[in-house]
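Visitor: Here's the letter readout for the chains.
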Amino acid sequence: MLEVEDLRVTYGGAVQALRGITLQVPDGKVVAVLGSNGAGKTTLLRTISGTLKLHRGKIETGTVTFDGRSLGGRDASRIVAGGVVQVPEGRRIFSRLTVEENLRAGGMGSKDKAAKSAAQTRVYDLFPVLADRRTQRGGLLSGGEQQMLAIGRALMAGPKLLLLDEPSLGLAPRIIGQIGEIIREINRQGTSVLLVEQNATMALGVADLAFVLDVGKVSLSGDAAELAKTDAVQRLYLGHGAGDDTAVQQAAARSTKTLSRWTA
Amino acid sequence: MNTFLTLLLNGLSLGAIYALIALGFAIIFKASEVVSFMHGSLLLFGAFTIAKLNDSIGFFPAFICGVLATAGVGLLVERLLINRLRGAPLISLSILTIGVDIMMLTELTRRIGSDILNAGHPWGGDFVRIGGIGLTENRLYAMITAAVLIALFFTAFKFSSWGVAMRATAEDGETAALMGIKLGRVSALAWIIGAGLAAVAGLFLVGSPTPGVTPGVHAVALRAFPAAILGGLDSTGGALAGGMIIGIAEAMASGYQEQLLFLGRGFGDVVPYVVMILVLLVRPSGLFGTKELTRV
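These protein sequence lines are chains Y and W, in that order. So for the first sequence, our numbering puts the first residue at 1; every next one is plus one. So for the second sequence, our numbering puts the first residue at 265; every next one is plus one.
Just so you know, these hints were derived from the structure itself, not from any lab. Keep in mind it's a predicted model, so treat the numbers as computed, not measured. Where is the CB? At the ideal position from N, CA and C, for every residue including glycine. Please note: incorrect hints may appear among the correct ones.
Below, simulated BS3-like cross-link-like pairs (lysine-lysine); rule was C-alpha separation at most 27 Å, straight line [said to hold, decoys possible]:
| id | chain 1 | residue 1 | chain 2 | residue 2 |
| --- | --- | --- | --- | --- |
| 1 | Y | Lys113 | W | Lys422 |
| 2 | Y | Lys53 | Y | Lys113 |
| 3 | W | Lys422 | Y | Lys116 |
Covered by chain W, per the in silico footprint, the following chain Y stretches (three or more residues, Cβ under 8 Å) [as the list claims (entries may be wrong)]:
| id | segment |
| --- | --- |
| 4 | 71-80 |
| 5 | 177-189 |
| 6 | 213-220 |
Please take these sequences and the hints and turn them into a complete structure.
Guide: Written as C-alpha cells, this is what we have:
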C-alpha cells in the first residue's frame with residue numbers, strides 16, 4: 001500500500017507544486033488522480049518515483065511510504081527494486097532501441113533471470129503486437145503501440161504498484177478505450193495502479209478510488225463511481241450535465257451586479 | 265604507388281589509435297553528457313605509469329597496472345566530481361575536466377622533466393614489410409589490438425546488458441532512471457572504459473616512430489578530439505570513422521609534405537583540425553551524430 005502524508009514539494013526552493021497532499025493507494029486497487037494542468041499530478045509521480053532531484057525539486061514536509069518503507073529521497077533505481085515503477089508521460093520509449101531492447105531496459109533493475117523471462121512472456125501475452133514487432137526500432141511504432149511498449153517496459157520490472165502518467169495523451173478515442181482495458185487487466189493480475197489522467201471519463205471508468213487535485217491540494221476524493229456523479233467533477237472534468245447551467249447562472253449573477261460609485 | 269600504400273597503412277594504424285581515444289570521448293559523452301577534455305593527460309598518465317613500472321615488474325604486468333591505474337583515475341574523477349555535481353550545467357562539468365587536465369599535466373610534466381622515458385615495449389622499432397609497403401612493428405600491434413578492442417566494445421555495446429543500459433541512458437536519462445537503470449553506475453563504467461582505452465592508446469602512441477614518453481604526447485592525444493567531433497560526438501561508430509579519417513589525413517599530409525610545401529611545414533599537425541572544420545561545415549552534427557542534439 002502506498003501512503004502519501006501531508007506532502008509538500010517545491011521546485012528551486014520557490015515554486016510550491018504540492019501544498020500538503022494526503023492520499024492512499026490500497027493494495028490491489030486502481031486509484032485515479034485527476035486535475036488540470038499545473039495541479040501537481042506530475043510532481044506527485046516524480047516524488048513517488050524518485051526523479052524529483054533531476055528536476056531540482058525538494059520534499060519540504062510530509063512522507064511517502066510504500067509497504068511501510070519510506071520512499072522519500074531514495075534513488076530511483078531502489079524504488080523500482082522495491083516494486084514501484086512509473087510509465088512516464090508522453091511514453092518516452094527509447095526510439096533507437098528495438099522493441100526487445102526496450103523491454104530489456106525495463107528489466108534492468110533486477111538480476112533474476114527467471115522473473116524477467118516470465119515478465120517478458122506476460123508482456124507479449126498482454127500485447128501480442130509487440131511480439132510481432134520485437135526486432136523493430138521503438139521509434140517506428142504507432143502512438144498506441146508505443147504506449148503499449150511503455151507499459152510493457154514498466155511491467156518488465158515486475159511492479160507491485162504501477163504509476164501511469166497520462167497514458168491517454170495524444171491517442172485516438174478507440175485506443176484510449178483499449179488502454180483502459182489493459183489497465184483493468186493488469187490490475188486483475190494483481191498489480192495496484194496509480195493512474196494520473198486528464199481524461200476523466202477513462203480514468204473514472206477504470207478506477208476504484210479517485211482524488212482530484214487542484215493547485216497542489218486534494219480538493220475532492222472518494223469512490224470513483226460516486227465521484228463521477230458529483231456536480232463538481234461533472235462540470236470540471238466530464239464537461240456535461242448540470243455544469244453548463246451553473247456556469248450560465250453564475251455569469252448571469254455576475255452581470256446583474258449593478259455598478260455603483262466608488263466612495264471608500 | 266608504394267609510397268601511397270605505405271602512407272595509407274600508416275594512416276590506418278595511427279587512425280586505430282585515435283579511434284581508441286575517440287571511442288572513449290564518445291562513450292563518456294553518451295553516458296554522462298560531459299565532454300572529457302582530460303583525455304590527453306589520462307593518456308599521458310597511462311603511458312607514464314607503464315614506463316615507470318616497467319623496470320621493476322616487467323612490461324606486461326606494467327601494462328596491465330597502467331591501464332588499471334588510468335581507469336582508476338577516470339573512476340575517481342567521475343565519482344568525486346562529475347557524479348557529485350550532477351544537475352550542474354553540463355558546460356561547467358566539461359570545463360571542470362579542463363581544470364583536472366591542467367593539474368594532471370603539470371604534475372606529470374614535472375615528474376617527467378626533460379627525460380624521454382621508455383615504455384619498454386618488447387617489440388622494437390623494426391619495420392614489417394608486406395610487399396613493398398612497410399609499417400613499424402609497434403603500429404602493426406597497435407592496429408591489431410585496436411581492432412580486437414573495438415570489436416569487443418561494439419559486441420558488448422550491441423548485446424550486453426551494459427550496452428542496452430548505456431544506449432537507453434544516452435537516449436533518455438530520466439526514463440532510464442525510471443526503469444531502474446542506475447545512472448551513476450552507467451556513467452562510472454563509461455569513465456572506466458574511456459580512461460582504460462586512453463591508456464592502451466597511450467602505450468602505442470609512445471612507441472616507435474614516436475621516441476618515448478614526453479609531455480608532448482598530450483598534444484598528440486588531443487588530435488583524437490577532432491576525430492570524435494567529426495564523427496559526431498554521440499556516435500560510437502562515428503568515433504571509429506573519425507579516428508580513421510584523421511589518422512589517414514595526418515599520415516598523408518606528413519608523407520606528401522614536399523608536395524604540400526606551399527602550405528608551410530608541419531601541415532600534418534594541423535590537418536586534423538582542418539578536416540574537422542571542413543566536415544562540420546557540411547554536416548554540423550558530425551558524420552554520424554544525432555541531428556537534434558540538444559546537449560552541450
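Visitor: Compare the structure with each hint and give your call.
Guide: Here is how each hint holds up against the structure:
At most 27 Å may separate the alpha-carbon atoms for a hinted pair to count; Y/Lys113 and W/Lys422 meet this at roughly 19 Å. At most 27 Å may separate the alpha-carbon atoms for a hinted pair to count; Y/Lys53 and Y/Lys113 exceed this at roughly 31 Å. Taking the CA atoms of W/Lys422 and Y/Lys116, the gap is near 19 Å; set against the 27 Å cutoff, the hint holds. Under the rule that three or more residues need a Cβ within less than 8 Å of chain W, the assignment of the segment 71-80 of chain Y holds, with 4 such residues.
For a cut-off of 8 Å, the count of residues in the segment 177-189 of chain Y with a CB near a CB of chain W stands at 0, and the three-residue condition is violated. Residues of the segment 213-220 of chain Y lying with their CB closer than 8 Å to a CB of chain W number 0, which falls below the three-residue condition for coverage.
Of the numbered hints given earlier, the model fails hints 2, 5 and 6; all others are met.
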